[in-house]
Amino acid sequence: MKKEQTPQQPHEMYEGGSKVVYTVNADGKYELSSTTGWEPETIVLSQALEEIDRLSQQALLKVQQGISSPLEYHMYAQRMDLQMLAAAVGKFQWQVKRHFKPTRFVKLSQQQVENYASVLGIDTNQLVTIPND
Amino acid sequence: MTKEFIHTPSAHCETGTVSNLLRSYGLEISEPMIFGLGSGMTFAYLKHIKINGLPLIAYRMPPKMIIKLLSWRISGLKFKYETFRNEDKGKLALDSMLAQDKAVGLQTSVFFLPYFPQAMRFHFNAHNLVAYAKEGDEYKLSDPVFPELVTTKEDDLQRARFSKGALAPKGLMYYPSEVPDSIDYDLVIPKAIRFTGKMNGRWNPVPIAGVHGMRLLAKNISKLEKADQHYAQLFMGHIVRMQEEIGTGGAGFRFIYAAFLQESASLLDSPFLHERSSELTNIGDEWRDFAVLCARLSKKRKGQNYSDAAKQLYKIADMELDFYQRLSKFKR
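Top to bottom, those sequences are chains W and B.
Just so we're aligned, residue 1106 is where the first sequence starts under my numbering, counting upward by one.
Just so we're aligned, residue 2 is where the second sequence starts under my numbering, counting upward by one.
Bear in mind the hints are in silico, worked out from the structure with no lab data behind them.
Do not take every clue at face value.
One side only, chain W facing chain B, incomplete, derived with CB under 10 Å [stated by the list, open to error]:
1) Gly1122
2) Ala1131
3) Gly1133
4) Tyr1135
5) Glu1136
6) Thr1140
7) Glu1146
8) Ser1151
9) Ala1153
10) Val1218
Glycine included, every Cβ here is placed at the ideal spot set by N, Cα and C.
For reference, chain B alone in the conformation it holds in the complex (with noise of 0.2 Å):
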């Protein structure tokens, strides 16, 4: 009775939950189309919130904002959403979807998953995959940033979705309820691209998000040289970590944008947009540069030069600073 499930893997477990679901849905949509209608990519750099005491640092949209930007410019595209305060009732409403051969998006926490390499188990609650289908006390997922299908146990499903703390999933399950036959690329890219540019460059009024969000953590580097160096260095691979692990497609969601970007050029047929992919490409690559200098200067013993790496931030917000300028004078 399981029908098969087509399941590719993706860079981003969000995105690439959205795509894998929406395809079962039968609406035809790729991964970095949904990253880029849902306006993801951006930076923001949040000194005050801390995970394991040091600032979050972020290269995308917070959790469940991708999807709500995503039905809100596609017209006929709604998602259902819920949560459960009891967790009995959560999972008999998760079966009874299962039942009727409908898929699912759920949040969940990477830890309470054992399919997941031991070393990369961390308290990270805001984790998408798709449930399918289940077989006695085991449930089939499609988990995005595995190669391939896996299965995880009753209990161990549970207490991922069910677990507490800061981005609590509460159970959330959701799936979409209108699905339209087609999207109106002509419409819905220029807005998304117009809105990414906005956002992140030198419109933006916040200073710790977009570009001006890139100068304050540059800023913060060049002033490590003074901090406890323990302290310093954490910080660096923390940088590292957030940019590069599970889920960012490589830079930090740079080059998932830059093939959204390319994607959209042949759906418009515009040179315009095939030029800012391979700019964002350049991009992408200056932030890989970045990655790998941070991560030598969590490594060294002594003689750091954080003022290297400062450099190299401030020369990927000044390059990213003139690309987001450009999108958002985008016209059809």
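Isolated chain W, as found in the complex (with noise of 0.2 Å):
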């Protein structure tokens, strides 16, 4: 990549950051110059951003209608998913999706919750409860 065609298309998922890349001057050597995003980079991380909106959606109107626990939607709103999230607590994978069950949520230990709402990077009283708009 030629310095002067170095992308310039920010966008503000970048919230006005910029990083290097290494291109070629006119003299054909390599040195750093700083890009403030480029359009297919954009166009994939919104991609994965509205990918992870949509399950945390999805799992919130589970929540709501009774179905599910609010540990999957604070799972997916905190852009986790089921592999990662028994990985991070030390669990199979059928151990955690078993809390997704309302019943069995309610009865977690209080350490129990405290486990899941650090890996998640959330307070206890958030993990338990629902955004209600």
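Build the complex: two chains, separate frames, hints provided.
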């Protein structure tokens, strides 16, 4: 990539940030240039965020209908999935999945709730409730 | 009492961290040089390791591998690694290093670092950065992918260092315990270059890595036409994210390696390496075209034509095979 071809297509997702890439200058030498963003990257990053949003909205609906526990919603909202959450709390996936049952979820010990909350990066009160809009 | 830390922004977090760290310990070495001597460039398509339900596609060696290869190749360079089972001990160890004015490298999770833009904070556990000072309850950090130095609160860094899950950092802290005065480039560069050539080229026995991995991925892309379209689009987006987002230097690390080849060419005075560097620059541009194709496919709502993207990847694989074969025969 030539230095003058360095993409400068900022997007609000980057919050005005920039990063550096290696480019070739006019003398054919490699040097660092700053880039504020590139459209293909922006497209795929927003796609990934939309997918997370879709999954958490789906889970939220299930929680409101009483088929699932707030844990499932917060898992997606905090950008995790079942595999990652299970690995993070050191459980099997089927064990975590059991806690998606509302009846099972309310019986969780304080310690287990704290464990889930800490790997998700939220506090325990947040974990047992869902946002009401 | 805080000494100034010389922060050079870098294209990739791991090599940038090591480069900034070694500079602060008095060894002048650039980021591409570390990437090259650590034989960082590769390709791997790991179908069965999933990230958010999508296969892992790597354009470089696994985390920590680059540092290990580096300290193995360069005589007189040794790193000390420390992980902690007890989180408080991890913090004390870090604080005592900083009190002695010694900078250290840390492995952290991006999700818990508040200075990252919200949109970029995913659960990626292998982000590297340098901590160089502490003031009150704030750590001063040199995060290689940021243009400026940053600070973060004690609690946030603590959470980032002890995040759980795949590749959990366990508070990993590392610093060079022995640093050589200079590096014998004549000896190490040809070795590192041949290694990269052999690892990725024809002699690689593993069907998922190197050029074979690219062809496997291309084959899977052409099969996507029959797959669930929602999944297929996520898959295409995922490829671009692995290739272009934070810390790739553009084109999945190809430009960093090209910069390494160029630097080596001037150090060893080798026209052969100059040619290889511009050859790899062309390959990198092809990767960027591939990213444009993939991003377009990930967005389009109907009439997808995945064979274009697959064809482009086959083309890149052929180009890289020639390139690696030439590298593997490199002699000083």
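Hint by hint, here is what the structure shows:
With its C-beta approaching chain B no nearer than about 6 Å, Gly1122 of chain W sits inside the 10 Å limit, and its interface hint holds. A distance limit of 10 Å between C-beta atoms decides the matter here; for Ala1131 of chain W the minimum to chain B is near 14 Å, and the interface restraint is violated. The interface hint given for Gly1133 of chain W holds, since its Cβ lies 7 Å from the closest Cβ of chain B, which is under the 10 Å cut-off. Given hint, Tyr1135 of chain W at the interface with chain B, holds; its Cβ is 4 Å from that chain's nearest Cβ, closer than 10 Å.
Restraint check, Glu1136 of chain W versus chain B: the minimum CB separation of about 8 Å is within 10 Å; hint holds. Interface restraint check for Thr1140 of chain W: the shortest CB-CB distance to chain B comes to about 8 Å, inside 10 Å, so the restraint holds. With its C-beta approaching chain B no nearer than about 5 Å, Glu1146 of chain W sits inside the 10 Å limit, and its interface hint holds. Given the 10 Å rule on beta carbons, the hint for Ser1151 of chain W holds: about 8 Å separates it from the nearest Cβ of chain B.
Here the hint on Ala1153 of chain W is kept, as its CB sits about 6 Å from the closest CB of chain B, short of 10 Å. Residue-level restraint check for Val1218 of chain W is violated (minimum Cβ-Cβ distance to chain B is 16 Å; threshold 10 Å).
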